[in-house]
Every structure is written in C-alpha cells, then in structure tokens.
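**Student:** Mind docking chain B on chain A? Use the hints.
Residue numbers (the working numbering), protein chains in the order written: chain A, 127 to 410; chain B, 14 to 436.
Rather than coming from a laboratory, the hints here were simulated on the basis of the structure.
Watch out, some of these pointers could steer you wrong.
Stretch-level coverage of chain A by chain B, calculated; a stretch enters the list once three of its residues show a Cβ under 8 angstroms from a Cβ in chain B [unchecked claim]:
(1) 140-150
(2) 278-284
(3) 295-304
(4) 312-324
Even glycine gets a Cβ: it sits at the ideal position worked out from N, Cα and C.
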Amino acid sequence: MSITAQVERFVAMGTRIELYVFGADHAAAMIAARRAIERVDDALTIHRPSPTTAVNDALLAGRGVAIDDPVLIEALVAIEEVHAETEGAFDPSADRRFGGAGWGDLMFDRRAAKLFALKPLALDFGGIGKGIALDRACAALRDAGVASACLSAGESSIAVVGKHPLGGGWPFAIPHPRGGDVVLVELEIVNEALSISTTVGAGTQAPERAAMIRPSDGAIMTAARCAVVVDRNGGRAEALSTALLVADDDLAQRLLHRGAARRFLYDLSQEAAPTVDVVRMQAV
Amino acid sequence: MNHQEFDLTRRSFIDRVLTATAGAGMATAAPWAVSAASAAVADPVKTNPVRLGVIGTGDRGRTLIQNIAKTHNCTVAAMCDSYAPNLAKARPWVGATTRVFSDHRAMLDAGGIDAVVIATPLDMHARHSLDAFDAGLHVWCEKAMARTIADCGAMVTRSRAANKVLQIGHQRMFHPTYLNALKRAKAGEIGALTQIRASWHRNNAWRRAVPADTTDRQINWRLYRDSSAGLMTELATHQLQVGNWFFDAPPTRVIGSGSICFWKDGREVYDHVALIYEYTGGRKFIYTSLLNNARYGCEEQIQGSTGTIEPELGRIYQEVPAKVLALQRMQKDVARGHKRTVPIGGATWFPELPVTTPGEALGWGEYDETMLQFEGFGAAVRAGKPLPGLLRQAYQATVASLLGEQAMDRGEAMTWPTNLVAI
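Next comes chain B alone, as it looks inside the complex:
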C-alpha cells in the first residue's frame, strides 16, 4: 500500500469512527473516540510529532511500533528492551535516528521523549509507569493496567499528581464495529440489555519457545502468578471492558471457578475460567475462557430483549417472533365464528436450537483502531489532557479482571471494591 492509498484507508477509517460516534448518547458513551477521531481529522499531516519511547519491544511492542508508524502525530524516538534480540527485531520498524536502550531507566534519563509506550509483562506496568511519571513523561500502557488493584490505583494517582496523561490500550474502544454496535444498542435496536455472554476460547498451550539465553519465566510470564493473572488480565480484561461499556457501569459482584484443567505443564495460572459478573438490575456478564477448544473463539454476545449483537462477527440480529401454533390460531378463529383453512404439517418438533438468521452487518473492513488510539494519545499529550472517559473504562476493566481472579482463588463471591480511586 502506497502513502496515498494508506491515507485514503486512514481517512475512510476515521470517517467510520466519526459516523459511529455521531449517534444520540454516543458523545457520553464513547467521548474518547469522538475526541481521537476529531483530532485525527484536524491533524492530517505528520508535523512536530509526539516523541515516544517504547519500553518493551517483544511481539506486542513491535505491533504497537508498526501502528505508531501509521499515525500522523506520533513517532518512536527511542526504545528499550532488556532482551537484545527483541530490539534487533524492532529495528527495521523505526527510523535510523531512533535511540536504543537496554534499560528503561537509561532511556528515561536520556530525555528527548514526550511520553512512553509500555509493552512489558504485566507486573512491570506499574513500576515503568511510575518511573515515567517521575521523569515528567506521559504514559501509554498496554492493558491490563497492573498486576494488583492497588497498583492500578497508584498509577492513576501518580498520573494526576504529575499532571500527565495515562492511557491504557483498549483498542476495541476505537473500533468502528464496536462503536456502531454501541450506537445501535443505545438506540434501542436490541431492546433492554440484560445479559452479555462472552468467551475467549483458544486451542493452544499459550506457551512460547524459550531461547537458550532466557528463562521460561521471562518468556512465558503470562503463565506465572507473580507476573500475570493469566486469562483474566491478558484476555478477559478486553471483554470485561466491553461488558462495562455496554452496561454503562462496573459490576457489583463476581463469582467464578478457575482450574488448571488441561495444560498441566507447570504453569501457575488457570487454563479454564468461568465467571459470572453481576450488574445492577439483575444484569449479568457470563464469561468463559479456556485453552483447549477453539470452536467458539472470541466473542461477546450482547443480548437484549429484542435482539443480539455479536461485535467480533460484526453482526446484529433481531429476535425471531415465536411461532404461533396452527391449532391455537384455529381455536381463536372458531371463538370468533370464523372458519378458515389451517396450515399444518410443520415441524413435529420445534427446534430450540440457536437461531441461524443471518442478521445484519455492523460494518466491516480494514480497521486501524490501534493506530487511532495512538493518534488520540498524541492529541492528549499535546493538549496535556487525557481523552475523556478512557481511563475509567480501563481502570474498571482491570479491576474487574483482578476481582474475578480473587473470586476464583477464594471460591467466594467478591463485591466491587469501595475504595477505588474516583475517576
């Protein structure tokens, strides 16, 4: 794709976001997306970009670097990683003048950056964020926010004290399909939302090969409790954010069950989780994630009284009216003195199988939501003000994921904490 083609794609993407956020209530429901897309339109040329220092250039870090390169207002000015091969792999994706460090402290001390992008193991997020705030920098941090609820709160508090932007990577919040889905739910197209059934099912060990010069805990940090809550922080947190977003509130309580059920390979985190998050009014978010069956993949089934939205599939479905029994109609006809032919011979058994109506597309295409969240971050850094509403969503999503971990570990219902930092 050449620059002109890319600009057209980018423009088309931003237009879709703007269209999706134009509905009634959307300015309140997704204010960050409105701000980010508006800023992206207003800043079409890459001039005086925000200088980013990327901490962590593993797989995710390199993906972020590629998305940053697409933005019109950000550039990677520096990057660091304690593992040299990661830096070498990232090198082709950055400019020749990008400085490289093996230690994040050295990068922060060297200056020349406006903000950091953190793509390190979860247990490092808080430390790297706090160090960056102390260095007078803004922070963009991968989800989940931190390994503990206390660390999440500390990140929020420190960003405020430093008067710096803290943004967490939840790309679905910039995704036109999700924005469209929310817009249509807000418009009442699927009736009263009462349940979201979400899953992220994979069929692999979630274990990476360990190079000779590293340790398993370095490479497979997601499998160990001191560095990760496993499926909860690495996968569920995305979908919990979607749940909170569509229910327009955090949960009130969670119960759950977790187990190492299939991959008994020395890992410490669950490979099967099943949880129910309760929301006000009896609403529920029912979640499962596992690592040995991928049939149902990743999806959030947003269920209302008149329809269902499946944003990963990008479709909205209306409820199929219940079949009126032919003889029931005949009975009513007779009661009003009317005799008419009764159509008969339908199914001897009315299937209560999943409805397979095709539904309607919510919009699909080549999306660059990760790019847009960086453009939004760039705009926020320039303005010295965070994108509105974004941090609360991220904070509550991570808290929900960690609360779910606690519910499973303790085998008891956990109520939503009352001592969270107000955002």
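Okay, chain A solo, but in the shape it has when bound:
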C-alpha cells in the first residue's frame, strides 16, 4: 500500500511554505502547523504592521520599548544566544542604513521583556524567522502525534519530523547554487533542520532582498559562498548558515568546528562555472 501525504502549500515568511505530513489523517495537525507558521509571520514580519515593526519604530526613534508578543520575545532570546555563539557574525540589525549600529547597540532585558537602543537601528528577522516558524510548526506536528513530516520554507530552510516514511533519515543533496550537475554535499537528517545560505544563485536575485552585510565592519559581502548547516533547532541553523557566509576565515573555522552540528562552508569564488573543485571547509 502506498504511503500518502497530506500537503499544504502557502505563502508566508516572504516565501513559499510547503508542509508534507505522511501517514494517517493528520488534518488537524496540518492546520495547527500552518497556524504556527502564520503566527510567527504575523509577529516577525516587517512588510506589514506587526509587533516587530512597532518595536522598530521605537528603536529608530531611540526609545526603549516593552515587548508583549511571546513569539517576538522568543525570537529575541534566540538571537541573543546565537549572536554570542557566532561572536557577532549573526546580527539581524546589521544594515548599511544605520552605519555601524548593530545588536551590540541594543540592550535586551529578558526578564522585563524590554529592548533599548543606544543608536537608531531596526530588526529584520529574515532567515532566522523562517527557522523559528518551522521549529514551531514541527512542535505542533509532534504534539499532534505526527511521526513523519517534511517542512520547507522556500527550499532553503528545511525541517523534518521523525524519520523518512520509508525508514531511515531524510536524504537531501545540496546542488551548486549556480546550477549544473555539481552537488556540494549529500546528507541525511532525522528530527533536524537544514539551512542553506548562499551569496550566489537565483535565490539571491529576489526583489527587495537586502545585501548580505558583515556586522563587524558593515561591508557588503561579495564573496561567492554557500553555507549549509544541520541543527536540531531551525532558528539556530538559519543563524549559523548566515554567520558562516559573513565570517572571516578564522571565525568561519571556529564556527565550523564548534559544537556537534554538521556545518559546511563552500568558497565558490574561484570558479568561472560550477566544478567539483569547490573549496570546502567543513566540520562533520
């Protein structure tokens, strides 16, 4: 008997969300997962009025702001942790419009749920928002008893629940972002998230996509790189893959070898066209 899947596709977090839930009828679980993602989108979006835009208005005006949205608080906590872990390489407030201002110019009081800006700046959750959304959707599916599911936010952010419906891990290949037949890496994941970030390829041509900024000096990243990170936590995977793109070589090495997660960084700058000789720095 063939294994069927329930499928849900919709637009959220600025991209195409796909939810594949395998096994028994999990209609209610699917709805819960979708609502979880939409809830994160509502909280973190900067493309329509949201708790995040309200916070940004205050930060840009140099005011402190109390935060009462639990999703936004959870995101800020996650950022604070991963900003420290990446030695500042992941910074959702780095933006050339605000000069050298960044996360270090913010004071976040977790207990009081208050945020203060020492310099005008604004937050853009971007990739980490997608990771958090998938994490919450996975949690909703698990809570509803789903044993096997695959979730995607635009095919660059993946999260899976349990094992592949046919057993074993979920097998993924990461093709060269410029196309062709070159595969950068193949890996299997179980109950994990996978994040792919790159400075080249079709995904970088999206309208309104902001330039990738190196927080340490505000420089626009022009080096051709691709980072792949597997982590139990989707938000963390997203933050780490972004950090790897902007990190200098020393920091990149430290990030690659820190922790047990699978992390890969590919230097694609030497290539005129995709080849198998991509310069690869990785920790397994």
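**Tutor:** Below, chain B alone, put in the same frame as chain A:
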C-alpha cells in the same frame, strides 16, 4: 559596395525570402512575397524598367527613391514636390533625365510614367491616388492608406474601376525575418497563438524643425488631426498589419485610451496610446505607443502556448518548463515506495521575472525589403495584376488603426466595420 557586391547581396536577400516563403501554408499566408521574389529572380537585369513618378520627396520619399534605384525593374522617371528644397535634396539620387515638377498634376499631365509613388502627408494619399488612377497610372502609396476609412475604400474601388494596381508600402511583409517568423508560427513551433503584445516607444517630440519658408502644419503634419492620426497611422499600422497577418484575420473589436500626456506643445494627436484589439477565439493584440520612454522600443511579442517570437529582435523562444518542486517529487517517490535523495537549496523565491533564455535567431542580416516590395510592384505593373493578398493586408491594417483612433476618441469599444470594400 560595387555592383557585383550589391548583386550578391540582392541575390542572397531574395534567396532568403524564397526560403522563408517555401514552408507549408506560406503560399497562402504571404503570396505577395512569393510572387515578388519569384519575379525578382526571373528578372535579373534592369531592362525596360517601369517608369515611376514620385510624389513627395521629403525624408521618406528620398528613402524610397534610394530603394527604387536598387531594383532591377523600376526607375524614377519623374518626381514632384511642392517644397523646392525637398526636390533639391532628392536630385542627387535620380538620373539626369528625371523630370522635376512642383505640382503633382503637372507631373501626371506630362505623361511619360507608368505609375506613381506617393510619399506625401497622409491626408493627401487618397487625392493623389485617385488623380493617378484617373490619369491611367498604377499607384504605390506609403502606408497608412488614407486619413479616413471611407477614403481607403475609395482608393480600392477606384483602382478596380481603373484596372490599375494599388499597392501600399508595408515593408515588413517582404522582410525575411518576418516571413521566417510566420513560417515557424505556421509550423506550430510556438503552439497556439493567443496574444500579441506590441509596442512602439520612442523618446522624442516627433517634431521637426520648421524652415522659415514653411509652416508647422506642413512640416509637422503628423502632429495634427486633419492630416494624421498620429501614432496610430504612422506607427501602429505597421504592427497592426503584423497582428492581422499572424492571427490570419482582422480584429473584431477594439477598445483604447489615448492622451496627450507628455508633449503638451500644441499638438493635436495623442502622444500616448494604449489599445486592445480583440480577435476571434478570445485572441488579443495589446498595443502601446508613446513618445517619452524608449526602453522597450519597437517590437511585436507574438505569444503562443509553447513559445514566443520577437521579430524585431529576430528571435524565437521556447517556453521554459515549469520547475517541479523538489519536495513534490519526493512525495511522489514515497507514494511509489521509492526513497531517493532530494536536491534542495534552490531559490527561496521562484522568480516570475521575464524569462531570459537567449532563444534562437530567425535570421538576420542586411535586408532590402523596401527594394523587394518595389520589385514586386514593378512586376505587378508589368503584369497589370496586383501582388496577391497584399492590398487586403494593407487595407485592414489602416482600417484597424483608424478604428483604434475612433475607440480612443469616443471612449467606447468599436466593432469591425461591416461595410468595408471586399477584397
């Protein structure tokens, strides 16, 4: 270019036309081009040429004279223009024996010509054509045919009554790239044609300097309603002909909006036009022309279910198959009990930007389509029979352009007239 080189170029051009018109259905779709090219091959030496009298030696008239000079079967025997400097500029392009007149009536009365070539302001086309037919002459007239639909019909009727050829200048109908494009569309290479999106965008005032001894209305006749429908008759008519040609029918209805939006300089014709021409089966020709932005230039995007042709760029494109979502494929794999690696990490956002695949060339090169249409005209005059199919195309193109003007002026949909002269 010496004569030998020119003959080689000419021969190569005619060969391309013959090749392009050799496809299935092309004898019906472009019979005039088949006839003209065949006649050009059969008549390789300039003997006993058809004697032409050119009425109007302004910029366009002089361009025509230069093309006539390239033909093997036509010669400019006389020319006339009411503005002496135009005649002086045309003089170097004609033979020493070419007679010159300041009035078209005098040229017609003087005799010694077989046909006239009319390159005068649009509102003069009908009068000059009718006068020529009355003088027993054949007529080659610049597009558009005439300022009114009624005048267009009168020209057709009078040419028949006089048993003389009436040919209108639509050089795209002799252009190897267009013929090739039509051939490939007829062969089904771009699937079912459902829409043509055409534009002619320029970024200039379309206004010429007025010499002291003339008037603005004489020089800038294209900007005034009594002498021109502006963008519709001077530019759109070419592209409407292409639309009718590829859709193999005239439109059934047109809606449109026109305005003097940018060049508020006293002109009377629109400097912005946007129209939708409807064809049977729900097909559409969507047209814009304007005079303050040239980015998209002149083009007809002929859109089918499996491809697109852009004849001005000379390219044909196939539709790019829709991307299959990686996880969608994974779902199907699982359903049939197959586990395989899922390639992932593509664009987070699938662009629906214009497809930028390079496509394939339709043929390009040094073309002399204006020369060929005169060779065709020469052959038609000699045979006393018009090139087949040509006049209907031209008539319907001009009617379509004038109907579009009416739709914009009235702000209402205009249906295709039922009282046109049958051709």
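**Student:** For every hint, state whether the structure bears it out.
**Tutor:** Here's how the hints hold up against the structure:
no. : hint    : verdict
1   : 140-150 : holds (count 6)
2   : 278-284 : holds (count 7)
3   : 295-304 : holds (count 7)
4   : 312-324 : holds (count 4)
Checked against the numbered hints given earlier, this structure breaks none of them.
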